[in-house]
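Go ahead and model the full structure; you've got the sequences and the hints to work with.
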Amino acid sequence: MVLSLTSVTIVETGHTPEEEAYVKICRKVLRKWNLKSNSVIQFKIGSCSSEVLVQSADLIPGGIQIPKKLLETFTLPEPDGRYLAKYTAKNNTILVGPVIGLLTDFEINENKEPNFRSIHAFCEELHHGIAETGGFFYVFSLQGFSETGIQGYYHKDGKWIAGNFPLPDVIYNRIHSRKLEYHKIFLSFYKCINSLKIPFFNDRFLPKWEVYNLLLQEDFIHPYLPETKIFSNENLVNMISQHDTVFVKPVHGSQGRRILKISKEDEIFNIQSSLTSMTDKFIKKESPEAVYDHLKQIINNKIYIVQQGISLTSFHSRTMDFRVLCHKNFQELWEVTSLVARISGEKQFVSNIARGGEIMKPLAALSHIFPRDTAREIISLMKELSIEIAGILSSKSAGLTGELGVDIGVDKAGNLWLIEVNSKPSKNFEEPEKKIRPSARSIIKYCTKLAFEALSE
Amino acid sequence: MRKRYLIEISDSNQTTVYCPPSLLEGRNIKKLTFGSQSIEVNFIPHPERKEKFVFGKKVAEMIYFPDYKIPLHVFIENQTLFIGPLVGIFTAGFTPFSIRPIGERSLFFSKLLSVKQMVGALPFMFGEQHIDWDRGLIKGFFYHENGWEIHEIPFPNVIYDRLPNRKTENNSILRKVKERLQNDYLIPWYNPGFFNKLDVFNGLIQDRTVREYLPETQAFSSVSQVRELLARHSHVYLKPINGSLGLGIHQIIFDEQDAAYYCRYCDSDGVNRLRKFATLDGLFNTVFGSKRLNSILVQQGISLIKNEQRKIDFRVHTNKDDKGFWKVTAIAAKIAGPGSVTTHLKNGGVIKTPEEIFPPAESRDLCKSLSEAALLLSRSLEKNMAGIIGEIGFDLGVGRDGKVWLFEANSKPGRSIFSHPELKGFDLLTRKLSIAFAIYLTEQAIYYPEEIFK
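Protein chains in written order, with this note's numbering: chain W, 1 to 457; chain F, 1 to 454.
The set of hints was computed from the structure by calculation and includes no laboratory data.
Computed cross-link-like contacts, SDA-like style, restricted to lysine to any residue with a CA-CA straight-line distance of at most 25 Å: (1) W:Lys90 - F:Ile305; (2) W:Lys90 - F:Arg310; (3) F:Lys167 - F:Phe195; (4) W:Lys32 - F:Asp258.
Which stretches of chain W does chain F cover? Using the computed rule of at least three CB atoms under 8 Å from a CB of chain F, they are: (5) 215 to 223; (6) 322 to 334; (7) 368 to 381; (8) 385 to 397; (9) 411 to 420.
Glycine is no exception: its CB is placed at the ideal position from the N, C-alpha and C atoms.
Below, the structure is given as structure tokens:
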């Protein structure tokens, strides 16, 4: 890895007074760091730091023995285990980490294990990945956060256990609710971690309208952007006279909720809603103005956008789109970690799995419609385009972005269309072939990079 | 500032061109020219005295003018009015797929072509197979709001060479096409070819103003030559004269303390290696074996400034602008991957802006001396190398004493530095200037042809 980190294993000792005096470090590691036995060094895990006397010893490769009493001051509940470490001559400090905190919203129930909702399994995956590469991982909510320490949950023996933790080296934001990110409790948390200089990535949901406008600044992206306007009488009427189908979506929506589809057939306008609970699922109107009046009631003064509908290719008459998961690597370059075709549930016009869809390998899905070599080109362009889009959005928006889910559709001519970009992409679309999937590995690497960069400052 | 004019196409079948009145004052213009296509038309001032052109679709068809509704430049000479410029970007490697016509380089070209509105030119991409010599037309690839479009257009005013590699440059068919377009059609051709690394040094060493930037560089001749160089410099580099992307680069270090030779390189499996040898002959026998070392150069190694024990060098990009002046368009620091012989990304290198690595004052001083060197080197290379050069990517190093060194000059610099989030803005600047330079060249070719074709 770029930061030249060393894998270390922390072991507790301190049964004799002699053992208590030193932090013993595997000979090879000490040599790698150009350190001499009996030097005095700052030793730092997470936000806790202590001055120690190091001694070279014949230990397991990467072994670091720390006296029990000292280890307790680091306030991690299970401090022994695998970590990554680095020595910086500038500060004469051995940095051990990363301590990674995942912020999300969940209910706290004294007697029960917490449920992190749609990312519950993903949190376990992150835990296992971090345990393997080195580091400590916990999950917390805004309620558990304070400037001096955090109450949250860590994973042990297959269970999530409550604990008190030091502040993390890096925070991964997986708050489920857009609303919560505007709440004052979030804003004061945000201010606090900024002043503490703790890297915080994917700091917010990206509003669709903002995404569209940022991408619009790049001329070469235009062919992939469906025409999009803010919902208003004039814009709606213009759009439905120009296009056969338009979608009306909330600016702050996610997971395909509350999307309306208006399609024109022989001058009759059909309005269809993604809300299955709506009794009047299909509505017919005879003029654009009537459509507007009807939608206005549903929208109820919230901010919505109107978007050109694209005749996307379908799979056995089920809507199909593609989710390209992109991650920033340690070189700050965007990479595609996963690409799947998403097939909507029957009679659904949004293909979100949350609404009953399923996933497929992209080449298999596209080869149903296009010749195989064309399908390959489409997939390549999809990846290249997603990397460009991720790059543009992350460099044009404030804050750190480490992952983005780019949703792309393909029309019947084989042209690509950007549907949406999600800064909190669902983890349920990646193929579950491996225990720790590439996207989890990428997140761990990115966390590690951010953590050690911040620690080395 | 040159003026740009909007061109409107009407439904008319007449060969009348409504012209900005100011352009007709005191002039007798008879011909309208777009690229290589020229027709006689009737110029009359715009009836509402607007500063724009309006002509019928008939005229547009006759000059093969694609209607992109962007303001273009105008040049007037010898009773002829030129609109454009029409800029051909010559490349190879086309695919039959309309969404990705040039394979993995498609998005790069779409970005390059997307500056047309900002710059006021009509750039298109073409290959040898798209030229219709008999009719004097080209099927050009344009990029617009709906993606890739093919239009038949005249031969361009200038050609920007974006052949992807040395192999295509040496292809005999492509070489003939290039010669024909330059010599028979007198089309100025810029960024003609990949530099030969040794020619670069041999050219620059003649120039007093840049000599101080050049590390000692020689064509490889023998092991004893390397030994002799190692006696003067603590380490040397061996590089393929026509290599790129850092492939095949070896660093040889002589360690006086243990009287041993070290060789650092990236092996055929992509693994960074550092191997120790008792003798230099042993090193050459083991590392190079029976490989022929005939197009290799040997270069004095420089002790570079470092960041956390990893060496740093710089990519400094220069472009000629629309006035024909050299400009520094990007400076990026490249940090070598751990144990890597080069700072290339694929060897684990990391790109940063100088401001990310150095304190503000130091970063400012560094950028100042790097810019100064890059501009002097650009002007010198332009004089010493064949063809019209519009952009150069320099690999520069800064020694621990602050002295700037030239390692390499690339006439077709890669774009990898621009993937860094902080350098995206410079990406746009270099794209803009590489097309804007075509405006300058077009102007030169129209007004001072003897200067270009001397």
